[in-house]
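Undergrad: Residue strings, one per chain:
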Amino acid sequence: MSPNNTDQANSMTLPRRTFLTSMSGGLAGIALSSLLHSDEARANSSGWRPPTGQPHFAPKAKNVIWLFMRGGLSHMESFDPKPALNQYAGKSISETPWKHVQDRDKLKRLRVVAVQQDTQRNQLYPLQVGYRKYGQSGIEVSDFFPNIGNCVDDLAIVRSMWTTDDNHGAQIQFQSGRHMLDGFFPTIGAWVSYGLGSLNDNLPRFITMGPRFFDHGEAHYLGPAHDPVALTIDPQNPLPFAKPELQLSHGEQQLEFSLVNQLNQLKAKQYPDDPALLARMKSYELAFRMQRALPSAVDFSEESVKTKEMYGIGNPVTEPFGMQLLAARRFVERGVRFVQIMHGDGAAGAWDAHGGLKSNHTQNSAQVDLPTAGLLCDLKQRGLLKDTVVIFATEFGRTPGTQGGTGRDHHPFGFSVWMAGAGIQSGMVHGATDELGFHAEEHPHYVTDIHATLMHLLGLDARQLEVPGHKRLEIDFGQPITQILA
Amino acid sequence: MRYWQLMLMSLAGGLIASAVVGADPVDYLTQVKPILATKCYACHGALKQEAEFRLDTRAFLLSTGSHVFVPGDSHNSPILLRVSATGDERMPPEGEGAPLTAAEIETLRQWIDQGAQAPDEPPPADPREHWSFKNPRRPIIPAEFHHPESANPIDAFIAEGYQKQNLRPVELAEKRELLRRLYIDLIGLPPTRQQLSDFLADESVNAYEKIVEQLLSSPAYAERWGRHWMDVWRYTDWYGLEEQVRYSQKHIWRWRDWILQSLNEDKPYSQMVVEMLAGDEIAPTDPNVVRATGFLARNYFIFNRTTWLDTTVEHTSKAFLGLTLNCAKCHDHKYDPLSQVDYYRMRAVFEPHQVRLDPVPGETDLDVNGLPRAFDNDLDTPTYIFLRGDEKNPDTTRPIGPGTPAVLSRQDFLPAPINLPAEAYSPELQEFALKDHLAKAGRNIESLRQTLDAAQKQLAQLQNAALDLAANPSIEGANAESPVGAAAAGNSASTTPGEQPTTKTPTVSEAGAAVAVAEKQLAAAQLHPKVLQASYLADVTKAHAPASEKLTELVRSAASLAREYELAQAEAALAQAEQQQPAPSDEAAIKKAMEAVTAAKTKRDEAQTAVGMPGETYPSLYVTRRAANGMIDEETPRHGPYSKISSGRRTALAQWIASRENPLTARVAVNHIWLRHFGQPLVESVDDFGLRAPRPPHQALLDWLSVEFMNNHWSMKHLHRLIVCSRTYRLRSSLLGADPATRRADPENHYYWHHRSTRMESQVVRDSMLQLAGIINLAHGGPNLPTSQESEQFRRTLYFTHASDDRGKFTVMFDDADILACYRRRESIIPQQALALANSKLAMTMSQKIASELQVALGDVDDDTFINTAFETILLLEPTSDERIACRTMLQQTKALLGNEAENLTKDRARQNLVHALLNHNDFITIR
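The listed protein sequences correspond, in order, to chains A and B.
By our numbering, the letter at position 125 of the first sequence is numbered 125, and the numbering carries on one by one without gaps.
Take any residue in the second sequence, count from 1 to its spot, add 486: that is its number in our numbering.
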């Protein structure tokens, strides 16, 4: 597999081989997934050129699996134990030695979207779950995540994330780096798709599964070619228009496609050097192959019972997420660059435990814990983890104080994520919140530091990808978290 | 300045220039200048020259002397200290740009140490002299270049380019290619076979021009070009959470219909601009004009007023002026002579405006129908500069007044406040509002009358049954087991054993209470129209005349009727409270019911007292609703009456934009129109005519067209006609046989020596299929249609919902207009498009319909005839023999594959598949 990019339409020549016989292997140097005339035109008049699809420097990773817990996973009940909460349970924050966490200037990062009354949650709420030490590293992980705990020696946990949106627009913010009020900007997955060529032209570069955080694109000014392709784990119909919506046999369709190809080839004689015509022919070729490749990528019949068990397939609690993770492994195996999996239905996201946090997190963690651990083990045993970065994230943490006596509210000032795999140190903790879990205090990282870390691992310099007319701010780029790099 | 000198002193003496050993020579133009350009020019360039120095040529660098740097001596060069400093001393300062990287600093250091060599360069021009900031003057048509067969000035300008660049254009397009191009360009639909054959048969000299006129006068023209302008003006339907509107407005399609109607009428573009920005000020009581302000209503954003106004400022500037004023929100513009003050002056123009829904005749529920519009309401809200663009950090020491960018302003900005007619700030005064509410009250009376009738009937039935039962306890059907009998006997809990419980039948006394309630409710409802009328009369009189005895009388009469109505309502409420008869065992419920009766009695007594002292208050009609300002909008009322004065700011802005003296407006519009005819614009950056837009190769043509546009009442149809009738427009798109030297010299076709092939926009793909299938529904206008119906409803695509969370599944695949901004459609080619055409129900159904249409039209014909006709229908071409052979082979192979079915079935099926393949042909979706 070699990276090849898209925007090289002018160098394309007509394939001599007939259309349907060129099914095997990637087609080198062909502008398949995107051919943007307007980009081309601008490229030629201003000297700017779209990316070549080659990394800017030697990459340490080829693929990303991005797991996202929608709604806001409590950092204090997952990867950032805070015994002080038990000690001071029921007390107001101002009665603890850490009352300074509510100093006005410490809270000024926040950019409120929906103004509500009394969002400060002052009365400290004890931990709703126990913690255990795991592995050689002895890192503590909550009892909601025993299986991920068993993998802790592969993880680099970052306990010092912060963001600025106190509402679920923070989901977008985590992926795009921008607060919702700034508008909409390309997400990290779209940037990776834009910056890196595909490793497999039969499949999309950027796939998303699970509930969407907003029903519009993620690529924005990078163009629809870099929007994620939303898939469902259904070999019969994994994506919109993946198969004829009315009855049409494969044989009939093959004859149609073959005719289209012949007619387009004949047309190309009348329109020599028409890059759009050539690209369209290629897009039909890819579409035809994608029609076959996608269903087979989500068809698990060749997976062993043991593998399926690792992902919790067969157990109704773990199966939905497990299927998506197994598909993710199969996609990275086939060269898909970026697989995004969102967990947790509902408008705000299932993890949004304003009340009943204990039962909420018990239920949700039961759905993701085993499959996530299974994914890590499976990637590792197949040698895929050395090329793949896995990230486990959420839009913000939850308040140390309680909301309504059984839940916790949104908390953008400090929360945890973890990464594992290619180029990432294993079995370590980086950064810390204060004793209450309120502020990211040691090595605070804004969300784009995660993006910068991924770009660094993939060998991309985000500044070189900047598109004319779309100036990015310093904070959009972030800084790689060098301490967790292997 | 002083700072630099101080620093120089502190550095003076003792320092030795470091020896430059072994470093490669640093090149000024390629290595140093780009660093200075991105980091320093914004403040120290031609535009601003802060601290009285500029760094944009070596001559300027040196003229500032050792204040900035010392050639050969980086240690004594303050510039190096400043760029590597931290905190307040750093250049560029925080908020003005990212610090230089270590590598960039090193490059600068080496260049200085190597002697700071640089070639002589002319100083950059004063940005105020930028080409697009100067008014277009009508250039002389270079008539010497006229083509012998064309007197169209466009062709003369274009031919001048050929001559000067030594280019040879291709031939004119053939009739078939041209007709398809023209139809799709002007009306967004391909011609039918009949239209094609008519055109081929018409040998008159003006055959083409006749079609042009016909298409331009068709309402389909407005649907095609209306969609283009909907892109530029960012049309989007509302979205929100359930009923809460968060973005844009309900019924915004009324603005869409205004766009279409304006285009149909060929309303002057300048007039359109004024109506969109200030229709509510120039024609406050004309809903046909006011709806144009949907342009502003569309920017509504519940979460944040600043974001709302920011998008209004940004896109007003981009759409009409081609200015990226948005880049001056946090700091002065980095390239253009636009200051941060300019930005907030523009914001101040919009600061007073709000958005509301007004009623439309025939509907009183604003969620069902209404008119979204702008209006001024916050006349006293000050505008402040937000320091570094941070809304939490306004500079309240300096309120900013409304205005236009200084660089383009030829005269003072003097908005004249407008006294609005009463119907404008109190929409309830419009006659139809009263009429609609009376009709609604009438419907309510009617429905309550029916309720009363039913209640009376039931009571009579029960009373009769009770009488019968008392008279003859043993009669059939009236024993104690039957519901009616049981109820009459006072046992309301009866059901027939072994059956589902039936609806509970009331007792006689319950039925009596129900009659009493219905009577009281009807009595109240019957008073309502009188109250409505009296209140309306009082309000109208009050609005139009100063206080008078008559007014006092009307007010008192309205108040008096209102009190009677309230009493009647209180009586009805009391009757309703008394109707409640909880089970005798439920003490709590009984207590509650008694309390409710007591409360209702108190209210009734109060109402009774009020009738004797009616006062002067009465309920006005509430017919309008201001959009909520934030998730929690505590400002009341949202139903008006609103400000009686409109600031006039938007009118002043609109008139400035729509003025002949504005150098940008006509050029930007002409460029948008040109882009959509040719698939390439005259100015590449269609939304940025600022300094980053170099003088276009065809500036003379652009300027000529702009002046021509303005001289002809800003008529778009005039421009369309000029353009599509030019030879330039009619050139062929194929490069087969084109002059090789021309191809080499201008591969990008900057000089329009051939026509550029383009891809159909998303709407055109769907509309064209519907048209070919002969099932398109050409009804015009009206509420947006649900996207879930895109395969079942055959209206044109622009009428379907277009919102960020709701897009047509098929349409969205073909680079549909971005909701946030779409000054130019993209043309991506992705496999999902192939899948949509190959697999969607829409494309497959249309193929079947086209094929069966052809079968009907052709009757029993052989494959070749079918192929020829299908080709001509879908691609407007005759197939070449190779193409015909390929199609014939496909038909045969398909029939063989389907072999075991009946012969004419396989034939039909194969032909359907052929049509389907032709819809997937590159040249179906391509406009040549």
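Just so you know, these hints were derived from the structure itself, not from any lab.
Check each hint, because a few of them may be wrong.
[Claimed, not checked] No farther apart than 20 Å at their CA atoms in a straight line, the calculated lysine to aspartate or glutamate pairs in the EDC-like style are these:
1. A:Lys106 <-> B:Asp606
2. A:Lys269 <-> B:Glu660
3. B:Lys1016 <-> B:Asp881
4. B:Lys519 <-> B:Asp606
5. A:Lys108 <-> B:Glu917
[Unchecked claim] Okay, the calculated beta carbon distance ranges per label pair:
6. A:Glu303 <-> B:Ile1261: 44 to 54 Å
7. A:Leu110 <-> B:Pro868: 23 to 33 Å
8. B:Arg1207 <-> A:Trp48: 28 to 38 Å
9. B:Lys534 <-> A:Gln87: 57 to 67 Å
10. A:Pro272 <-> B:Asn1198: 52 to 62 Å
11. A:Arg212 <-> B:Ile1261: 32 to 42 Å
By construction, the Cβ of each residue, glycine as well, lies at the ideal position given by its N, Cα and C atoms.
Undergrad: If a hint holds in the structure, say so; if it doesn't, say that too.
TA: Results of checking the hints against the structure:
no.: 1; hint: A:Lys106 <-> B:Asp606; verdict: violated, 52 Å
no.: 2; hint: A:Lys269 <-> B:Glu660; verdict: holds, 17 Å
no.: 3; hint: B:Lys1016 <-> B:Asp881; verdict: violated, 54 Å
no.: 4; hint: B:Lys519 <-> B:Asp606; verdict: holds, 13 Å
no.: 5; hint: A:Lys108 <-> B:Glu917; verdict: violated, 52 Å
no.: 6; hint: A:Glu303 <-> B:Ile1261: 44 to 54 Å; verdict: holds, 47 Å
no.: 7; hint: A:Leu110 <-> B:Pro868: 23 to 33 Å; verdict: holds, 25 Å
no.: 8; hint: B:Arg1207 <-> A:Trp48: 28 to 38 Å; verdict: holds, 36 Å
no.: 9; hint: B:Lys534 <-> A:Gln87: 57 to 67 Å; verdict: holds, 58 Å
no.: 10; hint: A:Pro272 <-> B:Asn1198: 52 to 62 Å; verdict: violated, 40 Å
no.: 11; hint: A:Arg212 <-> B:Ile1261: 32 to 42 Å; verdict: holds, 33 Å
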